[in-house]
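Please construct the entire structure, taking both the sequences and the accompanying hints into account.
These protein sequence lines are chains B and C, in that order.
Using numbering that gives the first Met the number 0, read the first sequence as starting at 0 and increasing by one per residue.
Using numbering that gives the first Met the number 0, read the second sequence as starting at 0 and increasing by one per residue.
What the hints contain is simulated information worked out from the structure, not anything from laboratory work.
Where hints are given, some of them may not hold.
To be clear about the criterion: a stretch of chain C counts as covered by chain B if any three or more of its residues have a C-beta under 8 Å from a C-beta of chain B, and this derived list gives those stretches [said to hold, decoys possible]: (1) 65–73; (2) 317–328; (3) 431–443.
Even glycine gets a Cβ: it sits at the ideal position worked out from N, Cα and C.
Each chain, written out:
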Amino acid sequence: METLYLLIPLASLVGALGAGTTVASVREIGHRWAIPGVAVSFLLSLVVLADVLAGHTFNGAVYTWGAIGGLELEVGLLIDRLTAVMMAVVTFVSLAVHVYTIGYMHGDPGYNRFFAYIAGFTFFMLMLVMANNFLVLFFGWEGVGLVSYLLIGFWYTRESAIAASLKAFLVNRLGDIGFVLGLGAIYATLGTLAYEPVFARAGELASSTIAVLPGMPWSVASFAAIALFVGAMAKSAQIPLHVWLPDSMEGPTPISALIHAATMVTAGVFMLARLSPLYEQSLAALSLVLVVGALTALALGLVALVQHDIKRVIAYSTISQLGYMVVAMGISAYAAGIFHLMTHAFFKALLFLAAGSAIHAVADEQDMRRMGGLARHMPVTHWTFLIGALALCGIWPFAGYYSKDTIIEAAALSAIPGAGFAYWATLIGVGITAVYTFRMYFLTFHGPERMDAETRAHLHESARVITWPLVVLAVPSLLAGFFLLEPVVFGGYFGSSLFVAEGRDVLGELAHHHGGWGQYLPLALALAGVGLAYYLYMVRRDLPARLAAASGPAYSALVAKLGFDRLFEGWLAGAGRGLGRALWRGGDEHLIDGLAVNGTAGRVAAAAARLRGIQSGYVYHYAFSMLIGVFALVSWFFLA
Amino acid sequence: MPELPLLSLTIWLPILGGVGVLALGRSSDDRARWLALTVSAVAFVLTMALWAGFDPGTAAMQFVEEAVWIEAFAIHYRLGVDGISLLLILLTSLSTLVAVAASWESITDRVALYMAAFLIMEGLMIGVFSALDGVVFYVFWEAMLIPMFLIIGIWGGPDRIYATLKFFLYTFAGSVLMLVALVYLYNRAGTFDIEALHGTPLTLTEQLWIFWAFVAAFAVKVPMWPVHTWLPDAHVEAPTAGSVILAAIMLKMGGYGFLRFALPITPDASQAMAPLIIALSLIAIVYIGLVALVQRDMKKLIAYSSIAHMGFVTLGYFLFNAEGIGGGLIQMVSHGFVSAALFLCVGVVYDRLHSRAIADYGGVVNVMPVFAALFLLFAMANAGLPGTSGFVGELLVILGAFKVAPGLAVVAATTLVLGAAYTLWLYKRVIFGPVANERVATMMPPLSAREKWVFAPLAALVLVMGLWPAPFLAAMEPSVAQVVQQATATKL
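So, in structure tokens, the structure goes:
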């Protein structure tokens, strides 16, 4: 079995390396390596899932990475119920995206390179979820970041794409500062970075303190949990470190589906769940997680309302939905959060891939103002998109209904500070989600056909290699909630892989709780949102523009994405460059070189010139004056 | 010692080989190249034999050779290797091999002299890392300046005179003070034996004087802020292979000096002055990181990046724990690979367009895809991505810093953003984008087979060390533990 565990990531790695050898080829053959590799990973992941359900888990080292002093770091795997479900989801979505890519990237000169990247991504993502210690977690974490960087900048001749890729990498690195400091705090206190001993001794973290600033002791558990959360905020695009994700849409659509919606961006959420024994030690950290998640869920949903680019709508929607998952982590409803992660992976990948199919149909146009009426021409794309949209809004009985409602209802029951705010934010968010989702749906698939005549004449459904993955993803988007909610969230599926402190088990409470009329609120809001979108974008098409004009500054703020981009690009990057220039010209060139170094040399030379009447600039000249100095120093040294 | 004097061989074979190359004169450039390549390859094999015979289970000196040199002053020709010097010696022989191969076509003027300079320098540098006698160390240390002085001064860029002068004066000034310290120690202990000096008791005042004399020599070499300004100038003017040796090996001598001399000989002074050295190291990481961000010259950018990375090394050393010192040491080795590779990358494009200005490039990936992939690997290693060698030292030093004071780790961790920012911004401007101009389109052929072979060992090492640093760490562990013990014991 251990060999089999190892084979799962390695199969994808082999697929990636094999595809890498085909990069120079002009023939489109990269998928011949990548797809079998990822398919093996997927099938073996199912075997592992079945095995884990039968009660087997694994926690062991593959090899010793390095050891020095008291530090011993291993490359090791942890296979338990949380890992198994993540492996299955990641490889399933990845495989669907791989197949879709054959059609989508056909004709692109980077076809083979693309397959090398996405199979490589699958490898890193598997390492991330299968890690049994923080080192391997970080390896996977940075590996997926690297692939994300490469894929956002995939079309490397586009200035906007390479700028977006750099931004994504740097914002994630900003989060990594938190991540690494979290590791530092844990290591300094416990002397290990392996999950098992850290979880077993998490209580010690809570009772130890550190002083980052002198005189201000913190609980190590709170410091480490919050620092690690900063890393998760970047990876999972939480306010204010979300700024990179909308720009990541510069990459090809299949990776928007796989990396920037279904899997990589959920790594932060996964990490919070994985580290539940740590987070349960710190109420402050949970509370912060909860509030950040709720803010993100609400605020970025609002931004999605005013986007015209279909991919950006889905991107902001992803950020908002990640907010829901993070809220679930903050209220200790880990199972609900992971469940939403799973359903979201299906329906969001579906939405992106269907959007990609539509984008292809209208000659790579992403602006919804130049789409419309596609339902007639692309039935499969249309119906699968609709399923994804209904799932995203949380309409019964689609998957999102079950997963999102559980989070909202659990928030209502939570006693963690900030839970009240989170409840209202996530509840209002449901209405907003429905409006932007169906605004997008109606603008794209219904109403007048606003594309140019040339494009309109060529509208047709995509090839089967594209539509089949849509159908495959539509099935769980429709059914996963109905069939899996009870066993996964309330049936104790996760067992000991998730830890909830006593008194915080909101999901346990929810299982026996009858919420009264309150439990119908989210569905009612979702339906109202769909209705409002229908009214605004199908019945009274003149209203949105008038509403926008009437709401003035509020609308401008949303269009300006609430100003976060300016904060990072203008202020932070600008300050860094400005400071760098000042230190270079002022510090290095003026003070150190100008005054100290050349100044000294100049003065020595001038003094020598006065003494000897020559100003040579030869080495021996300087060396001579220096020797005199040394001589003086030595004499003083020995006499003193 | 009945066996082969392996250390002497690794020192004197390249030096004699260098003299041999020199003897070829200007008769045949190709013969000079091939002879230099052969000699450096043999030297590399010899150092590999060192590693093969090295016992990683002890902190004691190995392959020790001893002969009386100057009886009157108890100066002995004494050599030896431990876990601290072993990897640096290997790095030296590898870098020289790479440097010779990298200069194959780009140097056409006075080839024999050029190749000889590198070979002689190799022997001298290995001498520095294996000397166990203060005077022998000093002789190698100073002698090594001469070939580098020639390399920059003869084959350098237009401003080479200013650069060599600055380089020479800076480093010479520091070294002279070190000599004074060594002479004082001799008067005190009656020996120049470095290992004996480790045990010589000294008062705090004495230690402080000696410590500062050492710092003057080593801080300039590292270089530490604020005595770093010679390095960007030297790099900019140096030919590619000169930059490779400068970055990969010469800077490491400063770091090596701290471990071999300052920490064990003056532990109490080191402890007392640690806050100051740590502060300077953190300034190097942040200040220099910011300065690197705004450079317009590729070589200058990488030079500044080197200073920031060496800031991590000195930070690690003055944490006085195994994570910090081991991390600093592994960072030195990794930086040897990575900075050498990055300077080679600049050399590759410079050979084609004869410009170091970032603005003259853009879209190089379109014409040199394999080069772009290699450059990416080294850029990511420079940014400290896990899975590359650059990550190992950074992680260890940050962990070690957190143990000492969390605030240190907070400041040091800014390198995660700064290092990525200056490296990847450089990468973006040079490599990505549409083909920037006619010259990039027409004058930049793909990598030649020779160029690929030059990069190959470095790329492999960057990955091996990133994925499996265990053998490297195991080799240094006992010696690191010993330095930690020496540096934390008091001599008072």
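### Task
Against the earlier hints, flag every one the structure doesn't satisfy and list their numbers going up.
Checked against the structure, the only hint that fails is number 1, while the rest are satisfied.
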